[in-house]
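Asker: Sequence:
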Amino acid sequence: MRRKRRKERKLLDRFAVLHSWLSLLPPFTKTSVLEIIILSYFIYICLLWIKNTRAWQLLKGILVIFTFTAFAVIFRLSTIVWLIERISTAAIIAAVVIFQPELRKALEQLGSRDFFAKIFPEQISTDNSQNTVEEIVTACFEMAKKKTGALIVLEQKQSLREIEDTGIRINGIVSAALLINIFEKNTPLHDGAVVIAHNIVTAATCYLPLSEAEISKAYGTRHRAALGISESTDAVTVVVSEETGGISVTLQGRLIRIPDRETLRSYLPDNRKEKKGAQRPFLGLSFLRRREEKR
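The opening residue of the sequence shown carries number 20 in this note's numbering; numbering runs sequentially from there.
Watch out, some of these pointers could steer you wrong.
List of simulated lysine-lysine pairs, BS3-like, C-alpha gap at most 25 Å [stated by the list, open to error]:
#1 K236 to K79
#2 K236 to K176
#3 K165 to K79
#4 K204 to K176
#5 K204 to K164
Ranges between beta-carbon positions, derived for each pair [as the list claims (entries may be wrong)]:
#6 K79 to E104: 17 to 27 Å
#7 L229 to I99: 53 to 63 Å
#8 A113 to F90: 21 to 31 Å
#9 A113 to E54: 25 to 35 Å
Source of the hints: derived by calculation from the structure; they are not laboratory data.
It should be emphasised that the depicted structure is a prediction, and the values quoted were computed from it without experimental measurement.
Glycine included, each C-beta is placed from N, C-alpha and C at the ideal position.
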């Protein structure tokens, strides 16, 4: 009997703690539904951003700490709770310092036009002509045959002026011959990236920010640079591997291997699913569509 009473008291104590926590919450109203939707959306955006950075590992660690803290509070482990309270302030400051580059990228994306384009539908237009796309495809597969390394960045809605300023101005009409000559080994312009905007090769030997995401060791610096620019802008980048001759495309923080010409065409701005005059779907719908495509 005594054991049963003790168990009942423990259960009542736990329910009392839970009730005290719930009593701190404001009353549930109609505006609460709107608040839940808004908060859920921003948490979803944050999780998408975190997953593409090294902060993903940090988030796993934070979840473990939160679970352990909840366990300590429920079972009234006062010493552990006291230690966690003292450490938490310093840990938050340390996280801000350590992940300053990632936080900066997140704020840049928040202020970009592409962020708001994900929320509100808009008319999408592409500036690269079909001829430009064909020239890029031809150049990439010619360089792949010879295992000539290449890094080609195609500007979309977000300006790449800062990236262009790190390189040498070209301002030449896009052609397969021009791209092949730029990336030819032992030439002054072969290192770095080429930027293409409005059917023009605007600059060469451009420096791209390197991604901090974990990728296969089979990929080199070019692939990491291509991922880096796709994480901070809406640009589409084509990479030709100098080691294997393989072709890859990066966009929206994703690295995609390209098996043939038709696949490469489909990822270049003029041939992607979002055509001229097409409406960009709401972010939630586009997320569901991507899941269907993967299936």
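Asker: Each hint should be assessed against the structure and marked as holding or not.
Answerer: Against the structure, the hints come out as follows:
A C-alpha spacing of about 23 Å is found between K236 and K79, which places the hinted pair at or below 25 Å, so the restraint holds. For a cut-off of 25 Å, the pair hint linking K236 to K176 is broken: about 32 Å separates their Cα positions. Annotation: proposed proximity of K165 to K79 is violated, straight-line Cα distance about 43 Å (limit 25 Å). Simply put, K204 and K176 have alpha-carbon atoms about 32 Å apart, too far for the 25 Å limit, and the pair is violated.
A distance of roughly 14 Å separates the Cα atoms of K204 and K164; the hinted pair therefore holds under the 25 Å criterion. Roughly 22 Å separates the CB atoms of K79 and E104, a value that falls within the hinted 17 to 27 Å. Taking 53 to 63 Å as the suggested C-beta distance range, the pair L229 and I99 does not conform, at roughly 40 Å. A beta carbon spacing of about 23 Å between A113 and F90 agrees with the range 21 to 31 Å that was offered as a hint.
For the hinted restraint 25 to 35 Å between A113 and E54, the CB-CB distance of approximately 30 Å keeps it satisfied.
Violated hints, listed in ascending order, are 2, 3, 4 and 7; each of the other numbered hints is respected by the structure.
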